[in-house]
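Engineer: Let's have the full structure, built from the sequences with the hints guiding it.
Per this note's numbering, the sequence shown starts with residue 5, numbered consecutively.
In short, the hints are calculated from the structure, not lab data. Certain hints may be false.
Stated by the list, open to error - Below, computed lysine-lysine pairings styled on BS3-like, alpha-carbon distance capped at 27 Å:
id, residue 1, residue 2
1, K123, K89
2, K123, K97
3, K89, K109
4, K89, K221
5, K111, K89
6, K221, K123
7, K109, K97
8, K111, K97
9, K109, K195
10, K111, K123
11, K195, K123
12, K109, K123
13, K195, K267
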Amino acid sequence: MVPLLGIGLQNVSGVPHRVQQWLENHCRSVVAQNLALASELNDLFELFEESRLTAVPFKGPVWTLALYGNLAARQIADLDIFIEKSQAAELFKLLMDRGYVLSEKSKAVPSEEIRLNYKDVELIHSQTSVRLELHWSACEPWFDQYLSSVNLWEPASTITLLKRQMPLPSPEQIFFLLALHGFRHEWDSLKWVCDIAAAIHTFSELNWNALLSHAEKLSRKRMVLVPLALVQQLFDMPLPDCVVEAIAQDQTVSVLAGQLAEKYCEASNTISASSNDPVGSISWRTDVVRIRSRESFTDRMGMLAGRFRPTMNDRQYILPRTLPDSLYWLVRPFRLLATYGPASLVQLTAQLIRGR
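Structural biologist: Encoded structure:
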């Protein structure tokens with residue numbers, strides 16, 4: 005968020021000199037890092053092109069340019085690339101030759117488990133420490149069985165990144181992926197809401213009726229509408245008429261958006277709190293929002309089952325990764341109880357079953 009704040013305050017008078025100086029220094033370091041990552045992404049796509057391998061940038065420098073028109077507007081931490089799953093082995097070999105190795109997080113999970121139940125693998129460059137994620141799916145099967153099996157990033161146009169033409173999905177696909185990404189990460193960061201607002205502002209050609217119709221056919225309409233209602237509530241941002249009408253027709257959408265909006269206020273008020281597990285409470289309520297955004301009972305039950313699946317964090321940090329896989333399944337329920345508490349976990353399950 006700091007880069008956006010710095011850009012917004014550039015022409016504002018009255019900003020204390022020390023604050024302005026700190027913002028400028030921070031933004032310069034962000035630009036330097038972003039340019040380095042953009043250069044690496046360009047080199048990677050040149051390598052992919054020479055090897056006739058298919059890839060599409062996800063988030064990172066390309067989407068920052070597409071959404072904000074300015075590489076300095078977003079602090080980029082790593083590179084994300086969509087790939088064809090059938091080309092994963094060939095891409096991995098190519099990247100290893102370039103100096104990339106599996107991260108400790110990815111090493112903690114058996115390769116077959118990653119292939120079946122995860123959406124990406126994380127690599128780190130041995131010299132530069134650049135972190136690269138190769139995605140063959142937009143989400144894990146436990147999060148959304150159907151969306152995990154379809155290609156949501158078909159290139160529709162190109163955008164220039166450091167004099168190179170990079171593939172870019174359609175505005176409708178980008179928006180859908182932004183919404184899906186936000187829900188996957190429980191809208192933990194306000195920057196993802198800013199990305200939604202940027203998409204509304206930038207993509208004047210976005211066909212909202214087509215997007216809503218497609219989302220409705222997939223029974224994922226709330227997944228699209230909730231972040232739209234959220235930017236309206238947080239930023240008082242005007243929305244297209246068809247979106248306003250769709251939100252009005254589903255009262256649950258505004259309720260869920262309101263709960264997410266409250267989350268940001270509560271999180272800022274409890275950052276330094278050390279009692280009553282405020283972070284766990286916020287996480288639980290965000291899970292409720294994520295669950296209630298699902299429109300079918302089957303999807304909600306699938307998400308419940310997915311919450312009990314061991315994660316990479318379970319394997320990497322909780323127990324040695326050499327232990328039998330069944331032990332991670334035994335530990336996972338206790339981690340959930342420790343995070344949410346018994347009462348909250350029961351309420352979470354009830355919300356999931358009811359959906360309203």
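Engineer: Which hint numbers does the structure go against, in order from smallest to largest?
Structural biologist: none
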